[in-house]
Structure formats: C-alpha cells, structure tokens
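Top line first, the protein sequences correspond to chains A and B. Heads up, the first sequence is in our numbering, so the first residue is 1 and it goes up one at a time. Heads up, the second sequence is in our numbering, so the first residue is 1001 and it goes up one at a time.
Hints were generated in silico from the structure; no laboratory data involved. Do not rely on the hints blindly, as some may be mistaken.
[Unchecked claim] The calculated DSS-like cross-link candidates involving lysine-lysine, where the alpha carbons are at most 25 angstroms apart (straight line), are: (1) A:Lys334 <-> A:Lys284; (2) B:Lys1174 <-> A:Lys334; (3) A:Lys341 <-> B:Lys1174.
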Amino acid sequence: MDLLRFITAGSVDDGKSTLIGRLLYDSKSILADQLEAIERASKSRDDGEIDLALLTDGLRSEREQGITIDVAYRYFQTPVRKFIIVDAPGHIQYTRNMVTGASNCQLAIVLVDARHGVVEQTRRHSLIASLLGIPHIVVAVNKMDLVNYSQDVFSDICIQYAELAKKLNVHQVTYIPMSALNGDNVVDKSSAMSWYEGATLLEHLETVAIDDDTEGITEDHHPAWPGLARFPVQYVIRPQTAELHDYRGYAGKITSGLFRKGDTITVFPSGETSTIDAIEIAEKHLDEAASPMSVVLHLATDIDISRGDLIVRSDNQPISSQTVEAMLCWMDTKEFKVGNKYLLQVGTFRTRCSVREIAYQLNVNTYEETPDVDNLKLNDLAKVVLRTAQPVSFDPYQKNRATGGAILIDETSNVTVGALMLLGEA
Amino acid sequence: MKLDYLDQLESEAIHIMREVAGQFERPALLFSGGKDSITLVHLALKAFRPGKLPFPLVHIDTGHNFQEALDFRDNLAASIGERLIVRYVEDTIREKKLKEPTGRNATRNGLQTFTLLDTIEEFEFDACIGGARRDEEKARAKERVFSVRDEFGSWDPKRQRPELWNLYNGRIHKGENVRVFPISNWTELDVWNYIRREKIELPSIYFAHERELLVRDGKLMATAGGVIKPEPDDQLVTRRVRFRTVGDISCTAASESGADTLDAVIAEIQATRISERGETRMDDQLSEAAMEDRKKGGYF
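Take the sequences, apply the hints, and build the full model.
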C-alpha cells in the first residue's frame, strides 16, 4: 500500500475543518469515543448539531477562538491507500505554518467558497503550493449548497482559477464541486449535482498518480532525471571493536535517486571520489537502494567524510557555490535585512551566511514583484541572494525538493526563521 | 522502486534517530517496556548497528508498573547489551516531600514529570527520544517531531519551530532540551503491523490472558501489586483480557479480549470502534484539554 501526504488550505471560514471532519466521518475513520467527545463539546457550546470542525481543532486556544492556529496531522486509510492529512491554518498571520505543512506534501486541496469564488487567500495558498512544488492541486469548490448547487457558479470559478493557475508552476489541477457540511462529493457522490461527472474527493485522492513525483524517483520511473542520486551523511558508524576494527559506515537517507554497488561517487564539498563497496540496511547487504531508504554506505577507499557531507553519483553532480539565489519565506517577527547573518542548513550541512541582496519582494496576492526592498517582515516572500562561509552543495528546488529546500536559523535564538527554495548560483 | 508505507515510515524514523545522534551531545531514549518504546529500540538498532546505540535507555518508573513489563524491559536491555538507567518516582516523592494524590482515582502518572525533569538535569540530557504518536490525542496531533522544551520541560504550542521538508533544527540553549518523536506519523495499527512484520517480541500482557480485575466506573482495572485499593462497591472479577496500552497500573484499563496472537490482536484493532486512549487511559478523560495541559507542565 502506498502513502499520500496532502495539505488542506483555505480561508478561515471556507469550511476546511468541516471538510476534514467530513472526510474522516464518511470514510468511517472516526472512532466512537472521539465522536462522543465532539458531541459532548458541541452540546456544551450549544451549537445544535455536531460540529465536525471540533475534530481537528485540538488546542485549548483554538477551540476558544474557533480557528486553527497550528499545523496538525491526521491519519486515515482506505483499502487502497494510506493518507496523512496536513491540516494547515488558513489565516494570513499563519502563512509560515502553511509553508511548514506544505513542504512534504504531494497534493494540496485549495478550498474555495462557492459564494465568493477566487479570493486573496486562494491566490496566496496557490502561490505557496506552487513555490513549494506541490505537483497536484485540487480546487474544492465548497458550500455548493448555498448557491443552489449551480453548475454555472462552479464553471465560473473553474475559469477564474484556470486564469490564475497560468501564472503558477502547477502541473495538474482538478476541480470538484462539493458541500462539506452535507457530504456532497466528499466521499459519496452528490445526488444534488448530477451534472458533475468527475470523481468525488476521496476517489480522486485514492487514484491520483504519485509515482512521478520527485520524492522516490528512480531511473526506472523518471528517465528525465537519471541518477539524481543524493545522500547527505548524517552520522558515521565506527564500532571500533576487535572484530569490527575497520568498519566505517556512512549512515544517512537517500533523499533522491538510486545508488548501486560499484557506482563511482563524489563527495561534496571536498570533491573526492571513490566507489560504493557495499550498501547496508540493518546489517543486510543490498545491490542497490533508492530514495527514501535510510541506509549505510561503505566506500572502497578511506576518505575523510563526516556529517554534513553530501555523497552523489559522479555522473550527475549538484551545484556547489558560495553565492546562492533563493526564494525565501520569512518566518520570524524580527526583520530580515541585508547584511544580517544566519545559519543556513541544507540536508545535514550547516554553514553561516550573510544576506547580500533582496532582489524583489513577491506580493502574495497580486504576484507582483517589488524591487529594491530593504527588509522583510513575518510571512513575507522574496527572492534573495546569500553569501555563505563555505560552499553549499545543492540542486535547484524545482528539480529536487530534497536538496533544494533549506532553512535559515537565527544563531542567537536558535529558532528556524526562514524557508528557502534554492534557485541556483547567484 | 516504490517503498511500501511501512518501509517509508521505518526509513523516516531511522532518519530522525540519526539526526538526534548527529545533532545532540547527550541524548537518551525514554523506554517504558511498552509496545511503542519497544518499537523505538528496534528502530534504533536498525539505525546504529553494528555500532553501539549513541544513547542510553531511560525509564521513569512510577512504582506502579506491571511486573511483566519491567521484566521485559530488563531482559531486552541485557540482551542487546545497552545501558539502562532507571529513576524512581518513589524517590522523588520522598526527597521532595511531594504530596501523593489520594482518593478514588488517584494516580502517580502526573508525578512522573518531576522525576523526568530531575533525570534530565542529572544526566544533562539535551534530547529525549520518545514513542508518542500524533494519532493518539488531539494535542499530540499538533506537535512537531523535534519539540523544543524550556528548562521546565514546558511545551508552548504557539512557539513551535517551523519544521520543513526533512530538515530538523535541534539547536538549543543550555538547560533546554528537545523531545524527539520518531514515530510521530505512525498510527496504532502501523505499530502493530510493524511489530508483526519485524517479529518484535512484546510483554505478555498485550495478549489475552486470565486475570483478576476490579470493575470501576465500567473500566476493568488491574489488582496487581495492590496499587488500586478495592472499595466496597468495586466488584472483583476474573476475566480474559489484554492491555492495549501499558502504562501506570492506576490509570491503565484492560479490555476483554480473546486475542492471544499478533494476528488476532491486529484483527481486533482493525475492527474496534474505540480509540486506544479512549479505551484505556483514565488520565486523558479528566478534561477536554487534559493532555495539552500536562504537556505544558513538562509531561512527556
């Protein structure tokens, strides 16, 4: 059985929590005691009927305010697939949480209120999905019950969204009219919208092809990127016991591509080369291993390798540079300014960096680029140029999420303050 | 080569454990002898063998644990040749003159936090790996894989670090620590399927057996060790039961079951309409935000 991670995005009142509740409820993924608990909570709030949104708003302050503050993760499965739902807040002040939630997803559900059509939030969430390279978008046109299940309203919204999608880097957009409140087209087909002939949301989630996504690609599956084999070294295993005196294994996770025994490899940043002598997984030897497997590599020659190094197959090498251009989502309340210094982390590699330039700020609503910006505030998106203390080895994010995604860490607070989608050498 | 979901979850958990080894100086693995932490030990061996584990196993013993789980704990640590550190809530109560909860549903579970924080201080642990899963409880569904705690062990849900891609930021100030949850993305059923696939041994109380119990508020509570004092209206019964979670005796209920094999247990969990904690954990049902409040106080 395979695994699909998807994010739900939408404005505060688009009915996101209700949609998740409905998806879980109609797919019979809510257990009786959890249902009783929300029935009790609904009653104590005097809401009348069961509020499915209470299933997802787990924190005290979220229930007090009736909104989602932080990312939460839900799990369910059908006989076909396992799902991880990344439930991200819709409110503008939590854009960074949406970025956090979206970074690992293969699909995004963008909720649109049928009464309001494409609004600012739709544009913002779609932009983030696009920047983060989420390959599949579902536009869930919700609250169709409030527009008399009108096909015309639905068609208009599809046209509006298609216009917007042209400006974005999204591969596949699917449109589904629904009412999460009443359960139309979420799990069960709607009798009120017989004009809609497509799949329900759950059918779509169960059948959408995820084999072609960058996570887990191999030569067999993705001829476009042969052997984009990447292995950030996490830890060196050296037992140094009498019988394992010479054992030296490099532990890590293959973040993309495929490694075979006998492959010629190059280590970054040193540039030294060697060949793969053995690939181990839990002390068993393999002839080949692919992303996302966590393995131990052994090399034919003793070269100096430690945590933070990147092992790649020599026939396809990453960029290695001390000046990096990237799209940044700034996540801290302190300002981001030219000249500031941070720690940059890509894979297991960390180095200090300074901000050389903010090339432009991206307006998340209009997609306009504003040049000559001096500083960024919480939730701002911008194209920036960084200068690093040591050369950084990476791939452009659109080619490889695993080696193109990076974070900035504030050295004094230790907080993760920025998400970077690396573009290339500046 | 598309990995099965259990392989994907395993690979993710191993990756997280190796990040702990790579980023921290003095980590520990919190180990209770329950199925989730036994799974963690199994994953740790996969992550670091043939080397030694880069952390000790640490158990905070409330003094109200099932003997079967304690024996299992000691045997496992001995058989893999790794270091086991045990600290006792009993000692903390005596040394700090803590007031033990009394009354009908009194439990020492909350007092564990004091012993845990003292142990973290004693050994200067900067990271504690734990077996919490996000599917267990709504407050846990919100928690990051690397959960930064202040010197009081306190969790602040509004100040969690963004956690992007598979990049984990474990940088902390002295005195702080990080709780790390490698099986965050696993469900109860995933854990059981993995245990079956990997042939992981478990304490016998996870499987159906005859046991003397008392019926209190509709729950079947163990009489073992005399932790729970029978009251006049408690009914003593002998039933065929198993435990779905193995925690402190005072707040862990048994469920009636004939499931005495892994296959039978898995079939039972697939069919159940009641969640793991809903069925067995008395302490989560004290209020709507019981778990969240405990975590803010430094609970694991």
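Do the alpha carbons of B:Lys1174 and A:Lys334 lie within 25 angstroms of each other, as the hint requires? holds (23 angstroms)
Given hint B:Lys1174 paired with A:Lys341 - CA-CA distance at most 25 angstroms: holds (22 angstroms)
Checking one constraint from the list: CA of A:Lys334 to CA of A:Lys284, max 25 angstroms. Satisfied? Given that 25 angstroms is the threshold and the Cα spacing comes to 48 angstroms, the pair is violated.
Hint 1 from the earlier list is the only one contradicted by this structure; the remaining hints agree with it.
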